[in-house]
Amino acid sequence: MKHQIFDSLHYIIENFREDQRQFYLRRLKKLYGFCTARKVGDIDGMEIGQVKEFEETMRAEGERNPTAGIVDLCRKALFMQADEIRWEANVWYMERLHLQPERLNPSSPVKKLSFLEVPHKGNRDLLKKYMRYGIGVTNLSVGALRREMTWVRNFLAEMGPQDACSITEKQMDGYFSGLAGKGLRPESFNVQVMGIQHFYNFLIARGYIEKAPFCEDYYLKKVVPGHNDRCVEAETWAEILQNLHLFPEDIRLMYLHLWGIGLRISEVCTLKGDAYYIQGEDAWIQVYQTKMRNYKRIPIPYALYRLMKVYLKRHQIGPDDYAFPSSQGEAYKSATFRLKMQKCCEKNGIKGGEYIFRPHDYRHGIATLFYDSGVSLQGVRDYLGHVYEEMTQQYVDYIPKKIEKASEKYFREHGSLAAGLKKRKGGEGSGGKQNQPEGTGKL
1 MKHQIFDSLH YIIENFREDQ RQFYLRRLKK LYGFCTARKV GDIDGMEIGQ
51 VKEFEETMRA EGERNPTAGI VDLCRKALFM QADEIRWEAN VWYMERLHLQ
101 PERLNPSSPV KKLSFLEVPH KGNRDLLKKY MRYGIGVTNL SVGALRREMT
151 WVRNFLAEMG PQDACSITEK QMDGYFSGLA GKGLRPESFN VQVMGIQHFY
201 NFLIARGYIE KAPFCEDYYL KKVVPGHNDR CVEAETWAEI LQNLHLFPED
251 IRLMYLHLWG IGLRISEVCT LKGDAYYIQG EDAWIQVYQT KMRNYKRIPI
301 PYALYRLMKV YLKRHQIGPD DYAFPSSQGE AYKSATFRLK MQKCCEKNGI
351 KGGEYIFRPH DYRHGIATLF YDSGVSLQGV RDYLGHVYEE MTQQYVDYIP
401 KKIEKASEKY FREHGSLAAG LKKRKGGEGS GGKQNQPEGT GKL
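Mapping the sequence shown onto my numbering, position 218 (from 1) lands on 218, and the numbers just tick up by one.
The reader is advised that the hints may include incorrect statements.
To be verified - Per label pair, the in silico range of CB-to-CB distance:
#, residue 1, residue 2, range
1, HIS315, GLU216, 24 to 32 Å
2, GLU233, HIS198, 35 to 43 Å
3, ARG306, ASP125, 34 to 42 Å
4, TYR311, GLU84, 24 to 32 Å
5, SER166, ASP321, 51 to 59 Å
6, GLY329, ARG306, 19 to 27 Å
7, TYR311, ASP125, 24 to 32 Å
8, PRO109, ARG132, 38 to 46 Å
9, LEU97, GLU216, 39 to 47 Å
What the hints assert, rightly or not - In the EDC-like style, the derived pairs of lysine to aspartate or glutamate whose C-alpha atoms are separated by at most 16 Å in a straight line are:
#, residue 1, residue 2
10, LYS309, GLU249
11, LYS121, GLU158
12, LYS309, ASP282
13, LYS129, GLU102
14, LYS296, ASP382
15, LYS29, GLU55
16, LYS309, ASP250
17, LYS343, ASP282
18, LYS222, GLU187
19, LYS333, GLU346
20, LYS121, GLU95
21, LYS343, GLU330
22, LYS340, ASP282
23, LYS351, GLU233
24, LYS340, GLU233
25, LYS170, GLU158
26, LYS272, GLU102
27, LYS291, GLU55
28, LYS39, GLU53
29, LYS309, ASP321
30, LYS343, GLU249
Hints were generated in silico from the structure; no laboratory data involved.
In this text, a Cβ means the ideal position worked out from N, Cα and C, and glycines have one as well.
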């Protein structure tokens, strides 16, 4: 523990300004005193309960904001400065792993993976091995790995002291029944079932168990494609546009990329300076789809092209720089953009200050506008960057209304089906009087 304190001291001195050093060095001294008094021999091995106890001790001593994590900083210092990657650590820091850029989402980065929430140390080690396999062998994005890890971690935390290799079918049934009782959508429920199944497939492949304690097909729910009208109302976006000049420059330009061309928020936040160009007589944008992990090129309004060219030149943003950089010169964080946009809407009284900004709703608006204007479903799919048309169909709002209008038009032109049935009932071949055999009378 003393060596760890010494290594953390060097990390603080090398990575923080003078004012920040004083803050962390004071807390490092308190941590050392706590560990000595509680006979804690390994800072990285501190459990969640011990960390909370340390924070309560600091709070009792009058320390403000005791959760501003000196323990986490020490863990990071040890992980980052180790000669080899410390796969046995309870918290992994992604910066140390040097992953391929295409596996990362700069607008919503995964900074660390924590295994501390799993109380059973044997299960914790199994989860570490599973995630090491996911990072080192698969090519999944870090975001996808974290989502699956969260589902497995929640499951193992729920099992408490139970060894994952000895869990019974009855226990699994109880867990999935409880999960189903939380009101999850079928899609959300199914991905969690499959995430746990993937974990058990790994245990089988590595020889820890012979078979999984459940059959996923028994629990998977039927998914019925749903449809929600999510387009932003015309009155709302018109009000935003009317007040857009009051928003900060970067925020209003980012908003225009949502409203005008329906990009994903992650795509807007990671646009580069060379994204905009002219081809022939049209303006185009090149977008890296962090979700799909490929590029797409789509036409854009010439007005947006001109606005961005002026903006890029004014701020001296180079071809390889982010078009909307953070204060550190990194990609703009999607959470930061949502928060600032929401505050701007509240400040300027959009919908009386009650408007809830949801950036993905604008993709629904673009999809619906295109489809309503006669663009084929395949064309809308390519523009949005989807792989399957089934996904695009969920983005085109008002389809039920469009079907209803088409039905009304048909019946206006062809009359009622009921009227046609009545006419046939009295005509030939309908069993009417004209088709009765000779000699038959009224019954």
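Item to check | Structure versus earlier hints, numbers of those that do not hold, lowest first | outcome: 1, 3, 4, 7, 8, 9, 13, 17, 19, 20, 21, 22, 24 and 27
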